[in-house]
Each structure stands twice: as structure tokens, then as C-alpha cells.
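As you go down the protein sequences, you meet chains A and B in turn. Going by my numbering, the residue at position 47 of the first sequence is 47; the numbering climbs one at a time, nothing skipped. Going by my numbering, the residue at position 30 of the second sequence is 30; the numbering climbs one at a time, nothing skipped.
Please note: incorrect hints may appear among the correct ones.
[Claimed, not checked] Here's a subset of chain B near chain A, in silico, CB distances under 8 Å, partners left out:
id	residue
1	N27
2	Q58
3	G70
4	G78
5	K82
6	S84
7	E88
[Claimed, not checked] Which bits of chain B does chain A cover? Going by a derived footprint, with three or more residues having C-beta under 8 Å, they are:
id	region
8	6–15
9	59–69
10	92–106
In short, the hints are calculated from the structure, not lab data. Backbone N, C-alpha and C define an ideal beta-carbon position, used for all residues, glycine too.
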Amino acid sequence: MVSVLGMAAEAVAGTRPTGRLVLALLIGAAISVGLGVYGRTHDPTGEAIFTLFFTGTINLKAWFTTAALTLVGFQLVSAARLYGKISWPRRVPPWLGDAHRLSGTLAFILTLPVAYHCLWSLGFESDAEMTRRFVHSLFGCFFYGVFAVKVLAVRARSLPDWVLPVVGGATFTTLVALWYSSALWFFRQQGFPSF
Amino acid sequence: MFKRIVRAVEVVALLLAGVFVVLLFANEPGSKEGDPGAAASPGQTLPVIVDPAALFAQHCSGCHGDEGQGGFGPRLAGGAVKTSYPNEADQVKFVTDGFGPMPAFGERLSEAEIEAVVAYTREEL
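Generate coordinates for the entire structure from the input sequences, incorporating the hints supplied.
What follows is the structure in C-alpha cells.
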């Protein structure tokens with residue numbers, strides 16, 4: 001897995017800017033479609049996974065998604081400061097770039113058990129009349145694709161300036177949509193904080 | 001030092017992503033677990049040991065909540081399931097055959113287990 005992603009990053013970095021962007025988009029699309037196909041074809045198990053100190057898997061998922069959204073919110077603010085879109089703090093802390101990367105990585109890690117339960121236990125909701133589940137399923141698959149594009153775009157050089165903000169913004173927006181259609185829905189149904 | 005931590009976490013993230021993919025394919029649901037009565041020869045009755053609470057915790061709570069309070073799947077507790085399925089046999093058929101996001105548990109659980117867990121959702125939750 002590591003070597004596959006490493007090769008993908010090298011392949012993206014080793015082509016012309018337009019080619020790099022197209023290649024990154026193709027890889028992201030393949031990941032999104034692959035997850036969707038798995039979720040659609042896999043027979044959902046309906047089983048719970050680990051709960052850690054939460055009372056149930058659903059509670060764990062709601063809180064992990066909320067934590068991931070918080071970290072991605074920090075990513076948004078820190079990226080805005082790194083690119084000079086906001087001027088607070090007045091001096092950019094030397095650790096801010098690393099903190100930006102760390103928060104994104106931790107957010108990604110937090111989403112993995114959530115996505116695993118969604119895909120393995122629940123599957124892809126293809127019935128458009130089940131609006132919340134359908135939209136959540138679509139955004140869930142899209143998230144990992146757009147996240148992969150962002151990671152590849154960060155490592156590729158000479159991409160157009162608009163690429164990173166657009167892809168980063170899409171990643172953030174997708175996670176907001178996922179949180180809105182799952183964790184927020186859960187807290188509204190079960191009450192807050194529902195650990 | 002901080003950079004090293006960041007890189008280490010990134011490596012861990014990549015490894016976890018790999019584990020994620022492997023588990024999706026490796027952790028397929030197995031065959032019917034403990035099929036009570038399946039080994040009995042004609043005319044012979046074996047004692048059936050089914051723990052419906054454990055079955056519910058393993059197979060149902062992921063969607064319907066630990067206490068059947070609802071989650072991804074609808075609420076079952078407090079008589080809600082009896083409202084949806086006044087006839088217990090209809091609920092057994094639904095659990096056995098599945099529909100939409102509801103898995104077909106007839107492929108994983110024995111009849112006795114399904115009947116036991118259905119009774120549990122109707123009487124105990």
C-alpha cells in the first residue's frame with residue numbers, strides 16, 4: 001500500500017503539470033469508484049466493530065467524525081494563515097506547516113474505522129429515496145478520492161495555483177457534508193453528547 | 001523532532017489505510033455460526049443453546065444501537081418493532097431474507113438463532 005501510493009506520487013510528480021493534475025484526478029476517481037463498487041457489491045454484515053470507551057459503534061463513529069471535522073477545521077484555518085489569507089497570528093509559527101500536515105493525517109486516521117464500518121457493515125445505499133443515506137454514501141466515497149487528489153497535489157510541483165485551494169476546499173466541504181448527514185443527524189436523534 | 005513525529009504519523013496512516021483495504025476483503029462474513037440442531041440426525045433432538053443478547057450485540061447493535069434505540073437502522077426497543085411487525089413470523093422472514101440495507105441473516109444465522117433474536121427484540125428490548 002505504501003509503495004503503491006509512493007509510486008502514484010512519483011508518477012504524478014514526474015509528468016507535466018496538466019498531466020499531473022489529470023493523473024491525480026484519475027487516481028482519486030478510481031479510489032472513489034472502487035469504494036462505491038465495493039460498498040454496492042459487498043454483502044453488508046450488519047455487525048458492530050470495536051467501541052473503545054463509547055457505548056456503541058454508532059456513538060464512536062459520530063464522535064470520531066466530529067473529531068476529524070474539528071481537525072480539518074484547523075487545517076482550513078492553518079492553510080489560510082500559511083497562504084497569507086488571514087493575518088492572525090501576525091508571525092507564522094515555524095511549526096504551523098507541520099501542524100497542518102499532522103492534523104490532516106490524524107483526521108484521515110480517525111475516518112478509517114468509521115468508513116470501515118460504513119462499507120463493511122452497512123454497504124452503499126443506492127436507493128435515492130433514502131436521501132440521507134444515499135447522499136452520505138456518495139459523499140463518503142467521494143471523500144477518499146478527493147483526499148487522495150489533495151495528497152498527490154501537495155506532493156506534485158508546478159500545479160496551477162488554484163488546484164490546492166480547490167481540492168482542499170472540496171475535501172473540507174465533503175467532510176462537513178458527511179458529518180452533517182451522519183454525526184449531526186445522530187446527535188439530533190439520540191441527544192448530545194451520547195457517548 | 002516535530003517533523004519526525006509528523007512523518008511517523010504519516011507512515012502509520014499509510015499502514016492503517018493498507019490494513020483498512022485488507023480488512024474490507026479479508027473479513028468477509030463466515031458461514032452460519034453454531035447452527036443449533038443442524039448436526040442432529042432425523043428424529044434426534046439436540047439441546048439448543050442460543051444467547052439472543054449476544055447475537056443481538058454481535059449482529060444487530062451495529063445498526064440498531066446497543067439497546068435497540070436505533071441508529072443507522074430503525075428503533076426496535078420499547079415495542080417499536082411490534083408496531084412495524086405485529087406478526088412475529090413477518091419479522092422472522094424479514095430478518096431471514098433482508099431487504100435494502102438490511103442484510104439477509106438467513107445466510108449467516110440458523111433458524112433457531114433468528115427466531116431467538118427476533119423474540120429478544122420483541123420481548124426484551
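Verdict on chain A covering the region 6–15 of chain B, criterion of 3 CB contacts below 8 Å
holds (count 8)
Against chain A, with CB atoms and a cut of 8 Å, does the hint on Q58(B) hold up?
Because about 6 Å separates Q58(B) from the closest Cβ in chain A, which is inside the 8 Å limit, the hint holds.
Given G78(B) was flagged as interface, is its beta-carbon under 8 Å from a beta-carbon of chain A?
At 14 Å from the nearest chain A Cβ, G78(B) fails the 8 Å test, so the hint is violated.
Coverage criterion applied to the region 92–106 of chain B (partner chain A; beta-carbon cut 8 Å; 3 residues):
holds (count 6)
Using a Cβ cutoff of 8 Å, are there at least 3 residues of the region 59–69 of chain B near chain A, or does the coverage claim fail?
holds (count 8)
Does G70(B) hold up as a contact with chain A if the rule is Cβ-Cβ below 8 Å?
holds, 7 Å
Interface restraint verdict for E88(B) against chain A (beta-carbon cut-off 8 Å):
violated, 20 Å
Hinted contact K82(B) with chain A - closest CB pair below 8 Å:
Since the shortest Cβ distance to chain A is 21 Å, the answer is violated.
Hey, does the N27(B) contact hint survive, CB to chain A under 8 Å?
At 7 Å from the nearest chain A Cβ, N27(B) passes the 8 Å test, so the hint holds.
Double-check S84(B) for me: the hint is only fine if its C-beta lies closer than 8 Å to a C-beta in chain A.
violated, 16 Å
Consistency note: the structure conflicts with the earlier hints numbered 4, 5, 6 and 7.
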